[in-house]
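> Sequence:
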Amino acid sequence: MTNGPLLEPLPNGSHHTLHNGKLTSDPAEFMTRLSNQTYFKTLPRDVANTSYGTFNFLGGRLTIPNTGISLLIPPEAIPRGKIYEIYLTAQRKEDLRLPLAGCQTLLSPIVSCGPPGVVLTRPTILSMDHCSDACPENWAVRLKKQNYEGVWEDVLVMGEELYSEPYYCQLEAETCRVFSEQLGRFSLVGESLNMAAAKRLRLVLFSDAYCSTLEYNIRVYCMDDTQDVFKEVMQMERQLGGRLIDEPHVLLFKDSYHNLRLSIHDMPQAHWRSKLLAGYQEIPFYHIWNGSQRYLHCTFTLERLSLSTCELTCQLCVWQVEGEGQSFSLDFNIAKDCRPLDSEFLLMDTNPNGMALAGPSAFQIPYLIRQKICSSLDTPCPNGADWRLLAQRLKLDRHMSFFASKASPTSV
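Going by our numbering, the sequence shown opens with residue 837, and the numbers climb by one from there.
Each hint can be trusted.
In silico DSS-like cross-links for lysine-lysine, where the CA-CA straight-line distance does not exceed 25 Å:
1) LYS1242 - LYS980
2) LYS918 - LYS1242
3) LYS1208 - LYS1231
4) LYS1242 - LYS1231
5) LYS1242 - LYS981
6) LYS980 - LYS1231
7) LYS1111 - LYS1172
8) LYS1090 - LYS980
9) LYS1242 - LYS1208
10) LYS1208 - LYS918
None of these hints come from the bench; they were simulated from the model. Keep in mind that this is a model prediction, so the values were computed, not measured.
Start from the sequences and build out the full structure, keeping to the hints where you can.
Next up, the structure:
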């Protein structure tokens, strides 16, 4: 098995400076080349969810716009004299499935970065959203990585890190940062320790952009509260001709084994009626907690009594059985085009130079200044004013042995 496309070293005397990460080859051609290799058979050919670039020892950054997913390649992570083609991909649900068991639930997107097996001398930093609540004591959080045989393995358990582990995971309020010297396919999985554990869900409402009949459909999507799945739903609805009719709403979904119920109330009876036979619609608990789909939806079909009726006011109620619920007020005109609101969320950055930055342009601190800072803080000080204090200030001191094992802890 090859390690991926490694380019020839630059000739002696050449400058190792890359001004941007844009490849000269066609994006589709690049993905086809990767997909023809054994390990990359499961890579999607959807270039909209893939970022790639060429990098040398100066490092750089890859970003997939509007997903919260990025890969930072620090200076000196790639050995001098080497140039790598590196990619970053957000896996869609139809591309890959991560098996879940018991109380496990997917907390992050499945992200691939590679080529796997390339030699790195410092950890890269993979950033992605997660949807767990802000109570880590309710969770056993595992970082999973897929091996060459396609089997998902636990490579790190939060709070139980070992000194010898080559990974570090920093869990922030809505973001997970994975430090690793090994590229590959990663995801964050949570296992609830009690029924108080909850994951954040995002509710998004759509309807058809234009309605010329008495019937009017409202589609309510229930999805993980991460940017990548929201982007996927927005792209899908745009293709269907849908429009966003309200701001997204966030709610907590608990591991209580209770289903999620949704209902619409308080419509003006003189102008509207619901065609739903039951009083509510229900999404099974296991479809949300253990399901392979990261978004689900239900449709409420309403009927206006006259084609001249365009104003709709109502209440959307969402709750878990035997649990507290939330109510959202809706007030809009079904004849009014809401595309300006859509465009705020559908603003896609198609500038390739913004998706792949190589060399000094990818970092806020200039390379030479960074080198001086590292040389100053890497040397231990008796009063602790070294890289250890920096780690504490950055709240990265939960697993200090990971950084202590590196030749330059400050650079990590």
